[in-house]
Every structure is written in C-alpha cells, then in structure tokens.
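Participant: Count the sequence shown with the UniProt record's numbering and you get residues 1 to 1098, in order.
Read the hints as simulated data drawn from the structure, not as lab findings. All figures in this text were calculated on a predicted structure; none of them were measured in a lab. Among the hints, a few may not be true.
Here are the simulated DSS-like cross-link-like pairs (lysine-lysine), alpha carbons at most 27 Å apart as the crow flies [as the list claims (entries may be wrong)]:
1) K853 <-> K870
2) K59 <-> K446
3) K446 <-> K388
4) K26 <-> K565
What follows is a list of derived Cβ distance ranges for each label pair [claimed, not checked]:
5) E665 <-> E1013: 57 to 67 Å
6) E141 <-> D279: 22 to 32 Å
7) I670 <-> A920: 19 to 29 Å
8) N183 <-> S625: 26 to 36 Å
9) N183 <-> P312: 16 to 26 Å
10) R31 <-> Q937: 18 to 28 Å
11) R23 <-> E122: 54 to 64 Å
12) E665 <-> P366: 45 to 55 Å
13) G175 <-> P312: 48 to 58 Å
Each residue gets a CB set at the ideal place from its N, CA and C atoms; glycine is no exception.
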Amino acid sequence: MAALFGGIKDVDFDFSYDLRDRRDWKIATIREAEYLSDISALAVEPTNGLVAVGTKRGKIVVFGAPPTAIVLRVPRAAQVRFLRFSSLVYRLLCVDDKRTLHVWDLSQLGRPKIVASETLKEPICSITVSHSHSHAFIGLERGAILAYDILCLHRSPYIIPDLWKSHERDMLHSGLSMSPTPNSSDLMDIVIHPRDLNLLFIAYTGGVVLFNLTDRQALHHYKLIIPPGAPGALGYYDPEVMQTRQPALTSIAIHASGQLFATGHLDGSIALWAVDDEDHPLMVRTIDKLDINYPDGEELDTALSDVQHSSPEVIDSMRLEPIFKLSWCSFGSQALSDPYSSDTVLIILGGYSAAHVPGLTALRFPAFALISPSTAAVQEGVRPEVRKPLAKSFSSGDSYLYSTVGVVTDYLSIPKGSPLFGGDFDPVAILIVSEWPAGQRSIESKEFPPPSFGISQATVTPVPEASTGKETDDLLNAELSSTLKSLKLNGDPKDYTQSLPAALWTGLNAVCDGDIVRLENEEYERLQLGLQTSSSREYVNIGRAGIAWVDYGDHDQAQDLLFTKRQPHRLLVTHHRNLTVCFQDITAQLLLGSASSPLSTPFPAPLPHLTIELSLLCSEPCVSSARHPLILSQAEIQSAQLTSESCECVVVMNSGHVIVYSFDERQRNISDFVSKEDDIVRLSHIFADACTFQPMFMTECTWGRVTACELSNIGFLAIAYSTGTLIIVDMRHPKIILRDQGDVKVQKRISVALHLHNSEDARRIVSLKWFVCGFDEGMRFQISCLSVNSYYAIFKMQPRESASKNGTSRAASRDTFKEALQGNEISTYIRDRKEKDEYVHCFWVSAGEKGVKCHTNFVGSKVGKTEWRKDRKIESVEVVTRNGAQGLVAIMDTREVVVYSLPALEELHVFQLNKQPNSAICLDDTGDFVDWTFDLQTETVCGATLGTLFAIRRVYDEPVIDYTAGRRGVPSLPPRVPLAPVSYIGSWFNFKKSLSGDAVDTLLAGPNRPIPEDASTSSVVNSQWQSQMQSRAQALANQASRTGLDLYASLSTAVSERGDVLAGLDEHVRYLGDGGNKMVSEAKKLAAEQTGKRWFRF
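Please put together the full structure from these sequences, using the hints given.
Facilitator: Below you can see the structure in the form of structure tokens.
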C-alpha cells in the first residue's frame, strides 16, 4: 500500500505523464553475486596475494585486491577437486571430477582465459606445484606420477612409476616381507622438499618414499608399524592389540627444515619422522596420547581382563577419525636460517572421536634444544642426543581447538606474503570450511596462530627506577598497554569472518533475506564516518593482488559519468543466520574508476563497522533477566529495516522481540541500568563503540509473533502481532503510546477505524505504513494498517490545536520540504484551480491478490482500478519516482514487470525479467532492485542480482582487471640446514647441493622443450634477501664445518702415521726384493754353467 500526496482539486491530474514513453525505461543487470555454499577446493598464491575458491557446481572465484574478484567457470560445470597457483608463470590450475586439467592465464589483461585443457585416462588423486619452477606433478590413482609443463602447456616425458609397489616387490623377493598390503600403493600426496627441489616426498597408503629426481632413485622408505602389545590409536582395548598393525597413511606435512616430517594415518595416529631414520619414528602419538607405539605391560593386562570395556559398542565409540590433512607451520625470519630454534605449529584435520566437538586442532611444538655433537663412531639413524630433544618437543607444547558448528572438511592457511615451505610460512589467518547436515558448507576466517601459543608475543617495556611528571604517565601507559597485550594471549583467536568477501557468506554466515534502502546524502556521509576510524572489530584481507578500472572508450559513455555521479546513495541491508545484520554500499558511484584512478572497493562494498551482532546482546543481564528473555540458542532474525533519514535500524526476531538500534558518532560508556517500563527493556546503558549502531531498547514478546513492523524517520515505531495487537512506541522517550488489541470500542475512542471486523483473521495486520498527510483539511501524522482480508484502519496522531495548519500535504522528506519552499507545477496548478473543485489531500493506492485500487483521501471516490492478468500472482508493488514523475510498478510471479499510471492505474508498459526460480525481488522508490535467489533446502540466499529499471545514461560496465599490476618476483629457496651440528662425517659429505628451478625444468622437460616466444616467468630473486639468508645460515654451517674439519684433522693424522709405517714397510720389502733378485740371478748363472758342461760333455 502507498499514498500519493499532492493537495489538488482535479482528480484527473496525471502523475505519470513523463513515464509514458517506453524509451524512458531500460531494464538492465548491474551486478550478479553468488554465495558459494558448495565449496570443494581452496588455493592461495602468497607472493602477490591471490586466493581461489572452487565449488561443486563448476565455479571458481579468484579473490585479489577487493575490486578484482572474478568468477571463472569450469567447462561442463564439472566439480572442482583441486586448485593450485603456479607463481612462476602466474597461472591457475584446476582438476575437475572428469579427470580434466584446466589452466587459466592470470597474466592477461582482463578476464583470465583458459589456455589449456587436457583429459587423462586415469583418475587424478593429487597435484603439486612449486613457486620455483614451472612444472606440476600429477599423481594418478594407480601410483604413478606425471610431470606437466605449465609454461608449454603439455605433458613432459618424465614419469615416476609406482615406487611403493616396486619396494614391496623387492622386500618380498628378499624375504623380508611375507605379502604386500592391499591398496598400499594408492597415491595420497606429493610434497616437494622445502629446501631442495631435487627431492620429493611421495606419500602412498603404505608409507612414504623420499625420491631423488636426478638419480631417479628412491633414497628412503618410511613405514609405520605398531608392534604387538602397543596400545596404538585405539588403546589397549583394540581387538588387534596383540597383533602387528600397519595403519594406512592418509596425509603428510614437512617441517621447514626438510629434515623432519609428520604422517597422519587412518586410525587417527600421527607419526613424526626424521629423514635420516627410516626404521624408527621419533614419536607416534594421537592428539591426546603420546608414545602409542610402546607397550605397557600392566595396562595391557588390565585391558585384556576387562570384558565390559571390550564390547564392540564401546570400542566403536573409542575409534578416532582419520587424519585427513596436516600442515606444519613455521614463523619468523629465524625459521629460514635456523628452523630448529623457533616454535612451530602442526595443524591437524581429524583425529577425534565421532562424539567430540567438531573443529580443527593446532599443536604447538617448542623449539628443539639440540646439544653439541660427540665424536663417537658413525652409526645409522638419528643419534640419541638428537632424538631425545626432538621427542621432548613433540610431547610438550600447547594445543588449541578451533571449534566449528559443522564438521570441518578443509582448511587453508593464509601466509603473510611468502610462498616458502609449501605456503605454510608465517601464516596470519586460517580459512576453515565446515559442512552442515543439510550439505551446505560454511567458511570461517580466524586468527592464526592462536594468541595462547605466544608465538607473536610483544616484549614488555622495562620501567626505570625513578622518573617524574609526564615520563611517569607515559611509562605507566606503556606498562598498562603491555599488560593488556599479555592478557590477550589467553584469549581466543580473533574472528575475521566478517571481513571475508560477501561471496563467502555461507553456512552459519548465510544471508537469510535483505532489502535495498535509498539514503539521503547527509545520512550516507554519517554512516561512512567509521569505515576507516572504527576499531571495534578486526579485519584481514585474504587477497591483495591486481587493480581494476572501467574502460570509458566511448565518448557518449564518458558523458554519462556525470549522470551516474548524481545517482542517490543506496545500501543493501541483510540479516544472517549467525544473528548479525550486515550493511553493504551499492551506490552507483562505486562503479566509477579509470586506469589512472582504479577502483578502490568491491561492489557491493561491505561496511563491517556497521555490523549489528545480536549474539552479544543476548548475553546482557538486562536481556537475559527479562520476563520474556531473548535466548541465544533459540534466537532467529525475522527481518531488519533501516530508515532513510534518521539512521535507525529495527530488528525483528522470530520470537516476537523487537530491538531498535540508532547510529551514533560518539562512543557510549557503561552507565547505570534503567529499569524496564511497560514491556520495554531499555538498552541505552550498554557500552558501544563510536560510529556504530548502538542498542536503544527492546520490546518483549508479550503479544505473539510479529506480522508487520514499520519504523518512521521521526521517532515512531509501529508493531503488529499475530494476535491482532498493534502497538506504537515513541522512540525518543521509549514508551508505548498506543496499545490496540482489535476491540471496536477502544478503537472508537483512540482512532479512526474503517471496515474492521472482529474475526481473528481480519484483525491480523499484514502491512503497516507511516504517512504525513491530511485526513481532513488539516495535516496529520498517521499510521495506516492493512489486515489479511484487505480491511484497513487509519490511526492519526492528535497534536495540540496550535500546531495544526492547513495547506498542501506532501511526503515528509527533505525533497518535498525543498519543493514546498521553492514551489512547483503542482502547487501552481492547485493555486489556479483552488476555488473550482473539491480539495484532494492525497491518493490512496492499495494492492491485493486480485488487483489494485486508487482512492482519493483514503476513503474518497475511486479514481482507478485494475485487475492483474489471469494466472498471475503479485510478488512486489512499489510507487517509483523518476524525474518528478511517479508510476506504479508491479512484479508478477512470471517475472513480468507491469507499469501503471497514477492515479488512473492505466497499464503503460510490460517488461520481462530473466526467470529465476525460487526468487524474490525488493524494489526501491527509484527503480533499483535486488533479486534474491533462495536455496529451498537450507532456506537461505544462494544468489543475488542487482538491477535497475532505468539504465539510461548510467555506467555499470564490467571492470578491466589486471592481476599483474605490482607483481612481485618469487624468492629463492633458503639453503639446506642439517638436523643438528654434524656428528659424523658420512652425514656431512652426503649433504648435496639443491637444484635450481631452471635445472628442474630442464630435467623434467628434456632437451627439446618448445618454449613459447611470448612466455613470461617471474623468476626474480632478491639478491639482498638471498645473501641475508645465506649469512644467517653461515653460523650453523660453520659450526658443522668446524666439526667436520676436526674429524678430518684426526683422520689425517692417523693416515699420516699409517703412511710412515707403510713407508718403512715398503723400504723393507724393497730390500728383500733386491736380495731375492740377486739370489735368482746367481741361480740362473749356476744353472747355465751346469747345462753347458753337460752339452759339451766336459
């Protein structure tokens, strides 16, 4: 329902004269948005700051700098399984569920395009890339690994066969193994050594293989074996406790040194290994238990004798989830040169029982207290003095659970800016994906590492012995600030979810509904005040790469910029499942930007400082102790409404509670609670930050569920309930000034009631509207109520007699006030005809299921009537204003837009919108609209379309995106560092130099690599950074070198002494040789003489 205000005497006046030309109407889509409720893959490019999110429906959203988000579509809408960024060649790789590899080029100007697609004959189970070279390793389900050239866009000839199957075959032939384990050669993951590109950690179900690319040789094989009698992950009640167990491997993570790694297993256990020892893990543990591979005789006997706890039901409840994913994070520049001297964090997905609270676990491992080596003889594996501090570190430290509502399915750590160590170096946040029972997936962003780990702890400022005056105050403030920072270490991680892009508002953060609101200029500027200054919440940007601008190549389009800049300001108000109300800026001016002045915000632009969090309000004592408390576990937002002039917001709950917020530039301090009065709970004593929506009061749910609620710009609130009760609240001095329960006798006393029936259905109000208009010849502030059976009532305020004046009544806004001062054609028209016809205060337009009617003065003569077309249902009706002209716009369920004239209700135009199933349209009075698309299974919004009915002379083109702007070069790998100062010479001499990225590309691609002419890579190495890392590593290397030299000197001395002995022996042998030669010569001479005598018969 609506009202037109004119104060005219000719009812034939046409308000829609300037809207009759069809060319004045142009329906267009401004932007489309989709909420990713089916996330299936995540990827990050830390060097430049890109994050990609893939979905089950074949969509990939790439997030860079806020204005550069873009949607890529996978061919055939196939589900995205894996996503990877290649930093060196700046390309995005995707593997879908059709066994197809797709490659997008991110270095092109504009929308990234697919440059290659290749379908493999076998299922793909893993894909790994490196920031140092341009090849991807593709793991096949059968265990083999292919090399794909991302630069040349084809497969390379280098192939790694199934190494684990070959290993088991060799073990079987040698007699060390009886039979291979079923499915033990299934490939799980491929990880590149963090400091040596020549080495690969290849994880199979049966174990891990350390592979040398150059030699094409497996260096080590690691296999977890739980001996008989050891508890294992299930404990001593495991039915197979007396058998040898080999839990299947499910995940792997590498330490920043490359000398340690962790493997997750199917039974929920985690094995921590040293690269130098393939036979004995450093520790085998679960999240809660340690050393589960060592038996305890007493506990084993107790478990075997306890029949009750060995039942199948008890054992099933004790089973742990598999370790689905692992990440080993390191922090600080010290981790580059000496990775053993700083704390690390192991992220664990899985490992809890089914009854445990769902979430993601983080384990902190303290720095390793490694001791100096001894000069003992060489031995295999890791020396005891090295193994002991490592095992101690793995058994100590803290743990933290990032609890979630749904079951965690995936996560992604967001590094500060370095791609080193597989993207697990210096993470500042973590994205957690969880799944709800209905199948919808939610994503959250949290601070990482947890503050309780103390990894980023600030130093405490020392206080001098004596100081006076201002110095004392400064020192006390510094000490207080330091103390507060230390107290924060015991708190939970900061929640960055509110700063995520709107496309990631899913699951718990999903949008339930929303509305579009046009704001006056002053109110818009007020709401923008706290965008940069408010510190009430913490934010983090998951992307930062690229710039975006609009190409105004057309001269006529450039001229349209002036008209676009004059568009009114608009906000999008949405309420969410997590009891928040969010605000987004959809002002048309945000779409304007050039190459010299790029876009600075996304569209829509979030206003996180305005977010209203009702969950915080539920914990307030005044709310929880009310007669009808607002219970957090049962609370759900029904609707939210924002006024266009007074910057006030009303939130309606499904329980019947109504909470009013008011925007204030000043900070509100805690004050004394004022007792509630007449079903109103005052909230003005609650602390609130400046430039935010601050709670004012709450009405209790005394009269049932709210069926309609309307907030005026001048301080009055009307609420209708399912019981037929209507209350009106004076918000300036919160109190109920009208309480109407449908009693006809009471209505005659306090209001003017028209066509009211006493039945319950008739009394149920479905629509409320505030007007400032004339009911008789005087102006009145009135509220109009429409019931379910199209009966309506009008309640008018009774001002003082001296406050009432006669005159032309118009809508209460700044624009109509300006028109009243300046005059307009209507007032001139009225003045000329004032004495001729009957005075008309306003036109009343009411729409129902069958049609729409227009009356004069609410109850006057009918001046227009029309019925909807057959087989059409009305969805939305709005009086739209364009250049001073007004028309009625009706949107049908068939997506038809029908325009009617006012007040005659003559059909002018019919337009067709794109059909969207399960959608609803919200239209404002200027012709802009938002079309919500709902997911019926979850009852939340899955998409939104922003559009307009008047796209004439407006610029809304898609921006040009350049992800290469400010592109950074990739850093080189840090030098290799041994596990400890070298304690034996064999380990030092086996420490080989790593290959460069170019060398790896040459090795994998072969000599005949066809490099494209326009190929571009970013192999820029920061020489200063590299030299700095080399100098930091030199100290540890020198210590190892000195150890090796000492050993070499000892051996050289022994060899020298051995050489003296050998020289003497050589001399003695030579002397014996000379004597022997003389004896042989004499014997030969004697033999010749004897022979000659016999010959001549002497």
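Participant: Does each hint fit the structure? Answer for all of them.
Facilitator: Hint by hint, here is what the structure shows:
no.: 1; hint: K853 <-> K870; result: holds (17 Å)
no.: 2; hint: K59 <-> K446; result: holds (25 Å)
no.: 3; hint: K446 <-> K388; result: violated (34 Å)
no.: 4; hint: K26 <-> K565; result: holds (18 Å)
no.: 5; hint: E665 <-> E1013: 57 to 67 Å; result: holds (59 Å)
no.: 6; hint: E141 <-> D279: 22 to 32 Å; result: holds (29 Å)
no.: 7; hint: I670 <-> A920: 19 to 29 Å; result: violated (41 Å)
no.: 8; hint: N183 <-> S625: 26 to 36 Å; result: violated (60 Å)
no.: 9; hint: N183 <-> P312: 16 to 26 Å; result: holds (25 Å)
no.: 10; hint: R31 <-> Q937: 18 to 28 Å; result: holds (26 Å)
no.: 11; hint: R23 <-> E122: 54 to 64 Å; result: holds (59 Å)
no.: 12; hint: E665 <-> P366: 45 to 55 Å; result: holds (47 Å)
no.: 13; hint: G175 <-> P312: 48 to 58 Å; result: violated (37 Å)
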